[in-house]
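Enquirer: From first to last, the protein sequence lines stand for chains A and B.
Mapping to the working numbering: the first sequence position 28 is 28, numbers consecutive.
Mapping to the working numbering: the second sequence position 401 is 401, numbers consecutive.
Hints in this document: simulated from the structure, not taken from any laboratory.
Do not rely on the hints blindly, as some may be mistaken.
To be verified - Simulated coverage check for chain B against chain A, where a stretch passes if three residues somewhere in it have a Cβ under 8 angstroms from a Cβ of chain A:
no.	segment
1	93 to 100
2	234 to 247
3	336 to 348
4	396 to 405
5	451 to 459
These numbers come from a predicted model, not from an experiment.
Ideal Cβ positions, reconstructed from N, Cα and C, are used throughout, including at glycine.
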Amino acid sequence: MTQSKHFKQAKRELFFFLAGWFFFAAWVLIYSYFNAYKDQGQEPSITLGMPSWVFWGIAIPWICATAFTIYISLFVIKDHPFINEEEQKK
Amino acid sequence: MNPALISFGIYVLVVFVLAWIAGNSSSKSKSFVSEYFLGGRALGLWAFALTFATTNASGGSFIGFPAKIYTHGWVLALWIAGYMTVPFIAIGLLGKRLNYVARKVNAITLPEVLGKRFKNESVTLVATGIIVLFMFFYLMAQFKAGGMILSTLLADEPLFIEGIEFISQFTPSGMDPEYLLTLIIFSLVVIGYVVYGGFKAVVWTDIMQGIIMFLGVAIMLVLVLSQVGGLERATRELHKMVPPKTCVAVFERTSDSSQEKILIKKGTWYRTADDVAFVVPSKSTFINKGSNESSSVKAYLYDDSKPQSFSRTSIAQIKSTKGYAYGDNKKGVYLSAPGPDLKKGTGFLAIVTALSFFIFWPFGGTGQPANMVRLMAFKNTQTLRRSIITVAFFYSFIYFCLVIIFCCGKVLMPGMEANADRVMPELATLLSKNAGMPWLAGLLVAAPFAAIMSSVDSFILMLSSSLVRDVYQRINPNASQRKLKSLSYMITLSVGVLAVFAMMNPPQYLQDLIIFASGGLAGCLLMPMALCLYWPRMTPKGAIAGMLGALIIHLALTIIGFKMTGNFEPYDFLDLNPFIWDVIGSAFLIVSVSLLGKDPNQENTEQFF
């Protein structure tokens, strides 16, 4: 069976989505495992008003994930005409 | 009249006007069913992005989530962190493929997409059955949450109090007349606009509700940060706080409380008999008129808090004091993981549970039928790409800011552990009052109300579309548009009314109901739908085995959990959310049953790939 161009492109995009998820899951969970589960002691470590582990382990990856989302939306996902649009063009 | 109520009333009025305009526009369409249930597959950027974002952000986001932040602290940032990947996973993973094939085979509902992939009625019916079963549980929980918010807004209104007195004459014993009245008001509002306006009304009101949520969170953030003295000060104050203790408080009359009936109200501060600490009951109780007997109730004990006001009508003796299982007397526990927990000795969020939620939020969101239906309704791929970006900004702002708001809220308004589900409306009221703008509370409370409405409306419509399209139109394929129109109105109305009847006497553990239903829906439908779109070798028997297998796993883990704890809580095998086991079981069954069977029909497969 020959696969359509639309299906092949969708599979390529799927790879990017899953790779992105793995990368951010690894960043957040590994960083948090080593830094969030520690006793805060007498003087808490604070960055920009929040606990430092939240800043480096959640806030920064969240900003990077948003940047990644913008990148894949603009450059990885390709436009593909849908049925109604194709019919309209014909 | 209460200024908050006026601004809230204006908001509800605008919702009705939008629904009326949408309803008129749907009635003029040639294909009523497609227009009523899918908005003619023509959603643009803002409509698609905001309806997707708000449907996913249900009452849980503005009621349950704030309560959790308040109870466990900054660790909730890790609990919700999976939302950073929700936009590209929940929209990107299936969006383009699902919209493309749904248009190609002219499918309006999810069971229809699955059925047309295999030309098999059984697949459609199994999927419809699963959607109807779980969605009903989900709807029940949202109705209750809507009623709760209304009761906060209306609490001091004389007309509302008269209404409670009136309705109490007809309320069967054991039912709360206040809850019943708020349930009726909430249901009339939501069912009214969904029945008349259909999908378009839901989408248009979702856009407005999305804007209200965004504004509500933005205003609360500014107010809370200015009133608490900045985020750093709030975090340092939170560092000094320790979890309260639980106890049994025995209430007695004081000499000045004479002989009147005394209400010991849940969530109110009472001083202890030795005058050094305060207790907050976690349940309301009475000391009857003419009785000098004491009344015992479970309560939270705070020994270093200074509430702004407290009751002097009675005095509490403290018995059986007990600390949190994790975090008792531990300073800094609200700033670190795993966070304090009343029952679990390992704390609120073990790292495996954090992993479990990082999987659940994006992939569970992908498998929600109400989200998948929206993926079938956007106009073109440009809309899809821009919407992913819009949803990413929306979620990043809403969820991260909620963590900040309620960590600050805990410092500003301590002692609400007994009544944590009301922390959102109470904080909104406090912030507005402190800012000298009481009307603002109406807008802020409209945010969670909007979140609940945008989920309830989508779910009611989802249920009725499954019944009209996947059941009735299958029996009567030549039914006229007029017949389908009246049937759609009637079924949408019936689904809403049935949910209200089911919720008249609500179950105790509502948050657990939401988790059971949303996890079940996603667990049963994610893999069948994903593989239906990406794996040509899948067979109809594989699809049915995958759906039923996940259903059995989900029910089995819930039953085991119930047997072990006595509560409606699923069993987290290896500390992982049951959704993950549903998905693993479902994927295994689909692949193995499909590979063991014959190749699927070539013609059907080619149409999809």
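Enquirer: For each hint, tell me whether it holds in the structure or not.
Expert: Here is what the structure says about each hint:
Under a criterion of three residues with beta carbons nearer than 8 angstroms to beta carbons of chain A, the stated coverage of the segment 93 to 100 of chain B is upheld, 5 such residues being counted. With 4 residues having a Cβ less than 8 angstroms from any Cβ of chain A, the segment 234 to 247 of chain B passes the three-residue criterion, so the hint holds. Counting residues of the segment 336 to 348 of chain B whose CB lies closer than 8 angstroms to any CB of chain A gives 3, which reaches the minimum of 3, so the coverage claim holds. Counting residues of the segment 396 to 405 of chain B whose C-beta lies closer than 8 angstroms to any C-beta of chain A gives 3; at least three are required, and the coverage claim holds.
Chain A is given as covering the segment 451 to 459 of chain B, and this is violated because 0 residues of the stretch bring a CB closer than 8 angstroms to a CB of that chain, at least three being needed.
Hint violations for this structure: number 5 only, all remaining hints satisfied.
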